[in-house]
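Dock chain B against the given chain A, drawing on the hints supplied.
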Amino acid sequence: MSAFSTIADALLSHWSTAVAGIDTSRDEIAIEQLSPDWTEHVQVVSALRSISPADWGQRQQTFGLTFLYVSKTKTASEVHTVLDAVEALIKADRTLSASVDRAEETEAVVPASSGKGYAVGVLTVEASSWV
Amino acid sequence: MSTVANVLSDAAAAVASLISGATRASSDYARDRDVVGAGETIYQLRGWHLGKDNSNANTSYDVARIELTVATGLASPTNERAYTEAAMLTQQDAVLAASWWRALASVYYTDPDNPPALTDDVARVGNVIVWTMAVELLVQP
Chain A
1 MSAFSTIADA LLSHWSTAVA GIDTSRDEIA IEQLSPDWTE HVQVVSALRS
51 ISPADWGQRQ QTFGLTFLYV SKTKTASEVH TVLDAVEALI KADRTLSASV
101 DRAEETEAVV PASSGKGYAV GVLTVEASSW V
Chain B
1001 MSTVANVLSD AAAAVASLIS GATRASSDYA RDRDVVGAGE TIYQLRGWHL
1051 GKDNSNANTS YDVARIELTV ATGLASPTNE RAYTEAAMLT QQDAVLAASW
1101 WRALASVYYT DPDNPPALTD DVARVGNVIV WTMAVELLVQ P
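Protein chains in written order, with the numbering used here: chain A, 1 to 131; chain B, 1001 to 1141.
So that you can see chain A by itself, here it is in the shape it has in the complex:
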């Protein structure tokens, strides 16, 4: 498994911890293409930022990962609560050196309570791992 897959899976596992029953994906998927019965979903878009070589064959890979979180049931305020929880879990993960940025555009596209839309949250993470 690649270093990115390892990091992405580790970070997505924190989403699963924070949001029971959430559907997770390492691929970009259009909301319209999700299974009709989805309630909570998060997907990750990533890019390798740098590779830093060190002594003894050690290399530090740094990835930028952006998580797009959508929920049919949560309000924008509740989405922020989820982002808080995930951010805390990532920061507490001793296996990663991760910095976390909260995107400003977190918003409810359409109030979830209307039953017609979903709330959206974006979390950006810079995560490093020694490989």
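Hints are computed from structural coordinates only; laboratory data are not their basis.
Warning: the hint list may mix true and false statements.
Dumping the calculated SDA-like pairs for lysine to any residue here, alpha-carbon to alpha-carbon at most 25 angstroms [what the hints assert, rightly or not]:
| id | chain 1 | residue 1 | chain 2 | residue 2 |
| --- | --- | --- | --- | --- |
| 1 | A | 91 | B | 1076 |
| 2 | A | 91 | B | 1001 |
| 3 | A | 91 | B | 1082 |
| 4 | B | 1052 | B | 1140 |
| 5 | A | 91 | B | 1077 |
| 6 | A | 91 | B | 1140 |
| 7 | A | 91 | B | 1123 |
| 8 | A | 72 | B | 1075 |
| 9 | A | 72 | A | 4 |
| 10 | A | 72 | B | 1040 |
| 11 | A | 91 | B | 1078 |
| 12 | A | 91 | A | 31 |
| 13 | A | 91 | B | 1052 |
| 14 | A | 91 | B | 1075 |
| 15 | A | 91 | A | 20 |
Just chain B now, with coordinates in the frame of chain A:
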């Protein structure tokens, strides 16, 4: 008559015996040539002449400085203490004893003014723990 090269050879054998599975680095001075995998140990041995000890009228001793660097890849990077609070301390306890060096066939005596000691703090590079010690000694004439 022994030489500094003999000391290095004897020390290499002793380190390999002390640290199970340890292999000597391809370079004793460069740290970017060898890859230390998880659970592996690579060591470097460096030695050079410091001068002659002519305090004994009947013979002259080569005085040498030997440096040993040990690089160990953590078997479990998230459980660093499984090494740093266990095998690492055992290994240091052994090589920081003057008697360990005096037991080498090519070593006559260790300099009491420069006993075996770590030369720097123990460091972590990625998933590798690195430490270096040095000793000054007299080579068997």
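Structure-based check of each hint:
Between the alpha carbons of residue 91 of chain A and residue 1076 of chain B the distance comes to roughly 20 angstroms, so the proposed pair stays at or under 25 angstroms and holds. Distance check on the hinted pair: residue 91 of chain A and residue 1001 of chain B sit about 60 angstroms apart at the alpha-carbon level, beyond 25 angstroms; violated. As the CA atoms of residue 91 of chain A and residue 1082 of chain B are separated by approximately 23 angstroms, the hinted pair is consistent with the 25 angstroms bound. Note on residue 1052 of chain B and residue 1140 of chain B: the hinted pairing holds, with a Cα-Cα distance of about 12 angstroms set against a maximum of 25 angstroms.
Between residue 91 of chain A and residue 1077 of chain B the CA atoms are separated by roughly 17 angstroms; this keeps the pair inside 25 angstroms, and the hint holds. The straight-line distance between the Cα atoms of residue 91 of chain A and residue 1140 of chain B is roughly 57 angstroms, outside the 25 angstroms bound, and the hint therefore fails. For a cut-off of 25 angstroms, the pair hint linking residue 91 of chain A to residue 1123 of chain B stands: about 23 angstroms separates their Cα positions. Of the pairs offered as hints, the one joining residue 72 of chain A and residue 1075 of chain B is violated, with about 43 angstroms between alpha carbons and a cut-off of 25 angstroms exceeded.
Under the criterion of a C-alpha separation no larger than 25 angstroms, the hint pairing residue 72 of chain A with residue 4 of chain A is inconsistent with the structure, at around 29 angstroms. Straight-line distance between C-alpha atoms of residue 72 of chain A and residue 1040 of chain B comes to about 50 angstroms, which puts the hinted pair past the 25 angstroms bound. Between residue 91 of chain A and residue 1078 of chain B the alpha-carbon distance is near 15 angstroms, which keeps this suggested pair within the 25 angstroms criterion. Distance hint between residue 91 of chain A and residue 31 of chain A is unfulfilled; the C-alpha atoms sit about 28 angstroms from each other, more than 25 angstroms.
Taking the CA atoms of residue 91 of chain A and residue 1052 of chain B, the gap is near 57 angstroms; set against the 25 angstroms cutoff, the hint is violated. Straight-line distance between C-alpha atoms of residue 91 of chain A and residue 1075 of chain B comes to about 23 angstroms, which keeps the hinted pair within the 25 angstroms bound. About 20 angstroms separates the Cα atoms of residue 91 of chain A and residue 20 of chain A, which keeps this hinted pair within 25 angstroms; it holds.
The structure does not agree with the numbered hints 2, 6, 8, 9, 10, 12, 13 stated previously, though it agrees with the rest.
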